[in-house]
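*Asks:* Residue numbers (this note's numbering): 4 to 274.
Since the hints were made in silico from the structure, they are not lab data.
Relax, there's no trap hidden among the hints.
Taking lysine to aspartate or glutamate and the EDC-like style, the derived pairs with C-alpha atoms no more than 20 Å apart in a straight line are: (1) Lys114 to Glu179; (2) Lys196 to Asp183; (3) Lys197 to Glu260; (4) Lys70 to Asp33; (5) Lys70 to Glu86; (6) Lys196 to Glu179; (7) Lys114 to Asp135; (8) Lys197 to Asp172; (9) Lys114 to Glu141; (10) Lys70 to Asp228; (11) Lys197 to Glu254; (12) Lys114 to Asp183; (13) Lys114 to Asp201; (14) Lys70 to Glu87; (15) Lys196 to Glu167; (16) Lys70 to Asp235; (17) Lys197 to Glu167; (18) Lys70 to Glu222; (19) Lys70 to Asp226; (20) Lys70 to Asp5; (21) Lys196 to Glu254; (22) Lys197 to Asp183; (23) Lys196 to Glu260; (24) Lys196 to Asp172.
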Amino acid sequence: MDPRPIGVFDSGLGGLTAVRQLRRVLPGEDIVYFGDTGRVPYGSRARETIVQYARQDIRFLLSQNVKFIIAACGTVSSTFPSEEAARLPVPYTGVVGAASRAAVNTTRSGKIGIIGTAATIRSGSYAAVIRDMLPGVEITAQACPLFVPLVENGYAQNGSRATELIIADYLTPVRERGVDTLILGCTHYPLLKKSIGDFMGPGVTLVDSGKVTAQAAAEALADLDLLSGRTDGGSARYYVSDTPANFAEQETMFLGEYAGGPVERIAIDAY
Numbered sequence: 004m005d006p007r008p009i010g011v012f013d014s015g016l017g018g019l020t021a022v023r024q025l026r027r028v029l030p031g032e033d034i035v036y037f038g039d040t041g042r043v044p045y046g047s048r049a050r051e052t053i054v055q056y057a058r059q060d061i062r063f064l065l066s067q068n069v070k071f072i073i074a075a076c077g078t079v080s081s082t083f084p085s086e087e088a089a090r091l092p093v094p095y096t097g098v099v100g101a102a103s104r105a106a107v108n109t110t111r112s113g114k115i116g117i118i119g120t121a122a123t124i125r126s127g128s129y130a131a132v133i134r135d136m137l138p139g140v141e142i143t144a145q146a147c148p149l150f151v152p153l154v155e156n157g158y159a160q161n162g163s164r165a166t167e168l169i170i171a172d173y174l175t176p177v178r179e180r181g182v183d184t185l186i187l188g189c190t191h192y193p194l195l196k197k198s199i200g201d202f203m204g205p206g207v208t209l210v211d212s213g214k215v216t217a218q219a220a221a222e223a224l225a226d227l228d229l230l231s232g233r234t235d236g237g238s239a240r241y242y243v244s245d246t247p248a249n250f251a252e253q254e255t256m257f258l259g260e261y262a263g264g265p266v267e268r269i270a271i272d273a274y
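Turn these sequences into a full structure, and let the hints steer you where they fit.
*Replies:* This is how it looks when you write it as structure tokens:
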């Protein structure tokens, strides 16, 4: 048993969708979350910049004595070098593996769609993992760079005409390819899940990368004997790199019934 907290980070607040699921499946665990709200989004940045940011984010979480790190960010998960992750002093996981496995287990036709940031799609990370597991799969990948800003700026609510138009523009070619499974390859995207699902239609199953990653992390923590041993009473502390006021305005949307808890601004460049 290990009482230390679980560390979770993302480029902004999207990773809170993974925190929400973690708190559901592991109610006795403490969580430390860092959202790099001052530098969001990562998806349009150069690879070297994304890796630099990820290193700083990880160093901050390690300074909080975490026992396990989750990169709840499709961009980082697709970009951060696996050899660096393997050298970290605590176990590390991203969102690509769990989401890819879920998609392979879900598809009936072998036609899988992937949506993510420009950096995620450019990396080909999801496609590579899926093809290893399901040779002959037909993959349609689409970058959706405006989805993160839409969510971060409060346009995720149903009925936003701007959001509906952008979803239609990005996802029309994906729908036309006849996919039956669509990976939401960024943890911000579940906030758009209903609108995306309405557009794609009832025949398409959406894979929430944050949700399946949280479930996989819970299994890994159990396998590694890193759980706290508590069945309730877990807490969460939140850190951001921009004003906490923005977090306070949006936390209910991301965390639902788990909203609340201390939020502190940190100088991430110091790490």
